[in-house]
Amino acid sequence: MITDSGSLQTETAILGIPCFTLQKNTERPITVTKGATVLIGNNSAKLKSEAAKILAGRGKKPFRIPLWNGKTATRIVSVLRHATTRGFPPNTCGNDRRALGFR
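Numbers 0 to 102, taken from numbering that gives the first Met the number 0, label the letters of the sequence shown in order.
Hint data in this document are derived by calculation from the structure and do not stem from the laboratory. Just so it is clear, CB atoms sit at the ideal spot from N, CA and C, and this is done for glycine as well. Do not take every clue at face value.
Stated by the list, open to error - In silico DSS-like pairs for lysine-lysine, Cα to Cα no more than 25 Å straight-line: (1) K47 x K23; (2) K70 x K47; (3) K52 x K70; (4) K33 x K60; (5) K47 x K60; (6) K45 x K59; (7) K33 x K23; (8) K47 x K33; (9) K70 x K23.
Stated by the list, open to error - Across the chosen pairs, the derived CB separations fall in these ranges: (10) R80 x A44: 19 to 27 Å; (11) A82 x L46: 21 to 29 Å; (12) T25 x R57: 33 to 41 Å.
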């Protein structure tokens, strides 16, 4: 996929499809660090080189991005059910609860 869209970067990361992003940076850096997105900018030589790697089977291999498994709604419902009866559950996502606005 060749794109300048952050949304398509997300979709290609979920599907494990290589993505060349025609930007120098991205609002979705996890798709670069964990997914198969390569930032190309406006460098046509880099685009050609990265495309050749993919075609030769040497391209960047995607890694399943943690928590991007299609079960977000289930996790949210679980947290809300727990919160209504016993308060918010202990941290299970590896994030600092205070940074998320919880006390």
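Structure-based check of all given hints:
Taking the CA atoms of K47 and K23, the gap is about 16 Å. The hint holds against a cut of 25 Å. Taking the CA atoms of K70 and K47, the gap is about 36 Å. The hint is violated against a cut of 25 Å. A distance of roughly 33 Å separates the Cα atoms of K52 and K70; the hinted pair therefore is violated under the 25 Å criterion. In summary, the hint linking K33 to K60 is supported, as the alpha carbons are separated by about 9 Å, within the 25 Å threshold.
Taking the CA atoms of K47 and K60, the gap is about 18 Å. The hint holds against a cut of 25 Å. Distance hint between K45 and K59 is fulfilled; the C-alpha atoms sit about 14 Å from each other, no more than 25 Å. About 17 Å separates the Cα atoms of K33 and K23, which keeps this hinted pair within 25 Å; it holds. Distance restraint check for K47 and K33: the Cα-Cα separation of roughly 22 Å lies within the 25 Å cut-off, and the hinted pair is therefore satisfied.
Note on K70 and K23: the hinted pairing is violated, with a Cα-Cα distance of about 31 Å set against a maximum of 25 Å. The supplied range of 19 to 27 Å is broken by R80 and A44, whose beta-carbon atoms lie about 53 Å from each other. The given range of 21 to 29 Å is broken by A82 and L46, whose C-beta atoms sit roughly 47 Å from each other. The supplied range of 33 to 41 Å is broken by T25 and R57, whose beta-carbon atoms lie about 22 Å from each other.
When the structure is compared with the earlier hints, violations turn up for hints 2, 3, 9, 10, 11 and 12 and for no others.
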